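**Student:** Construct all of the structure, not just a fragment, from the sequences and the given hints.
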Amino acid sequence: MLFVSNLTKKFGDLTVFDGFNLDLPRNGFTVLVGPSGCGKSTFFDVLTGVVPKANGEIIWLEEKLSHLRGKAAYMQQKDLLLPWLTLIENALLPIKVTKRSGNAEKKARFLFKRLGLDGFENYPPQKVSGGMRQRCALVRTLMFEHELVLLDEPLSALDAITRRSLQSILLLLQSEFNKTLLMITHDVEEALLLADEVLVLSSQPMQIRERFVLNTLKPRQGDEAQLLKIKLHILQELQAEVAHEMV
Amino acid sequence: MKWSSCIALAVVLLILAIWETACRGFSIPDFILPTPSRIMVVAVLQAPLLLRHGAITGLEILIGIGLSLLMAVPLATLMFAHRSLEKALAPFLVVSQAVPVFALAPLLVIWLGYGIASKVLMAAIIIFFPITVSLLEGYKSCGNDYIMLFRLMGAGFWRTWRLLYWPWALPYFFAGLKVGVTVATIGAVIGEWVGAQGGLGYLMIQANARLNVEMVFAAILWLSLMGLSMWALVGILERKIIRWR
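Protein chains in written order, with the numbering used here: chain W, 10 to 256; chain P, 492 to 736.
Don't read these hints as lab results, they were simulated from the structure. Be aware that one or more of the hints could be misleading.
To be verified - For lysine to any residue, the following SDA-like pairs were computed, each having C-alpha atoms within a straight-line distance of at most 25 Å:
hint: 1; chain 1: W; residue 1: K19; chain 2: W; residue 2: I68
hint: 2; chain 1: P; residue 1: K631; chain 2: P; residue 2: Y663
hint: 3; chain 1: W; residue 1: K105; chain 2: P; residue 2: G647
hint: 4; chain 1: P; residue 1: K731; chain 2: W; residue 2: N131
hint: 5; chain 1: P; residue 1: K493; chain 2: P; residue 2: R736
hint: 6; chain 1: W; residue 1: K19; chain 2: P; residue 2: N635
hint: 7; chain 1: W; residue 1: K105; chain 2: P; residue 2: I732
hint: 8; chain 1: W; residue 1: K73; chain 2: P; residue 2: G647
hint: 9; chain 1: W; residue 1: K105; chain 2: P; residue 2: W735
hint: 10; chain 1: W; residue 1: K105; chain 2: P; residue 2: R653
hint: 11; chain 1: P; residue 1: K493; chain 2: P; residue 2: L504
hint: 12; chain 1: W; residue 1: K136; chain 2: P; residue 2: G634
To be verified - Here's a subset of chain W near chain P, in silico, CB distances under 10 Å, partners left out:
hint: 13; residue: D54
hint: 14; residue: G79
hint: 15; residue: A81
hint: 16; residue: K87
hint: 17; residue: P92
hint: 18; residue: K105
hint: 19; residue: K108
hint: 20; residue: G111
hint: 21; residue: P133
hint: 22; residue: R149
hint: 23; residue: F153
Computed from a predicted model, the values in this text were never measured in an experiment. Every residue gets a Cβ at the ideal spot worked out from N, C-alpha and C, and that includes glycine.
**Tutor:** Below is the structure:
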């Protein structure tokens, strides 16, 4: 569905990634984990056209593109809600920007209900909790109506309990809304709880170092023996990467 | 009343008390330095005259604010939209402030006459700079993450301006406007000094020529109150519009 081939990005003499390949299946949940500064966010920047690629191909639904702007929804660590708009107005921002009409508000209200924001539609973002703000940002992401959703550490700024509840909401994106998800996270356990496929990345130039396909049913528990084993292995891999970088 | 307001009030009262005592103690004549109490009496007793001239100065300032807003908002926006325009116009903006407004006043009176127009333009020139610079800085302070979000949504510049840049820059705009309205009196009064048929500046020049120093001080008091009222009004407007802060 999304096919990235031989993607290259350099900043002067610094090669962030060179010949990077990725193949995302439709309705899959793929998570990228890697050491800090390995180029994960730059990879998303290239995918979304924030920075231009030096080389390589991005193929989306068999169409060759220079970037995925207008084709993918993107959610970042910060909720980026506008304080002068209410929660529902923030969620409807993609509609306002693209001047789309139809039953957008009805859909937004349904999503508010589904994600536990019912009754908070007219609240300003600064009057609700971080978890609610992030859920609102998630509704805004869904309002893009793109099949592909890019998530750049969307839960990293949240406390453990809120994070857990939002993880289950991210699973809903896949199971109920049929989205194809590509997520970056530093949290290995989170990756193993959510992903169908975990890709462990190397330091720069970034490459896929190891691939884990997880077939067990979701929602998963973090204390499952197989997951613990993989978690330990990935952490050792990442520690080795960091140690190698320091040498 | 807040502590900070109490302290400010106490400082003002202390200065006035020292002034009053010094004038009485050293028997300073009224035509050199009148006592604050005498100034207050004149400011109240001559209120109809001061109000008539104050209305003229106030009108000049208000039209000046309107004119400067009409120039500053589009210019700051265009300079933000086109960085090359900012580079080209920035030296002219700086020059407009580097040339003292005192130097321009006689020329403006010659060009625009003794009527209200020259004073309006003087006030507008003074207000224009802080609003333009503040608004431009406000636009520039907009978070990159937000700009990127709008780009990913496919928003063009003007749609982003309406939904993001303008509301984002509003606190900066109001900060510039607050500075502008308080210094606007300077422009209007200087214009009236150079040549006018009315206004508090005109009244000050007339009173000064007759050694009516009490009236000069009373006009200054009225001007200060006008500046303070406009500053407060902008503050109220700011709180009404920027409700998310």
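**Student:** Which numbered hints are broken by the structure, listed smallest first?
**Tutor:** The structure conflicts with hint 20 only, although it agrees with all the remaining ones.
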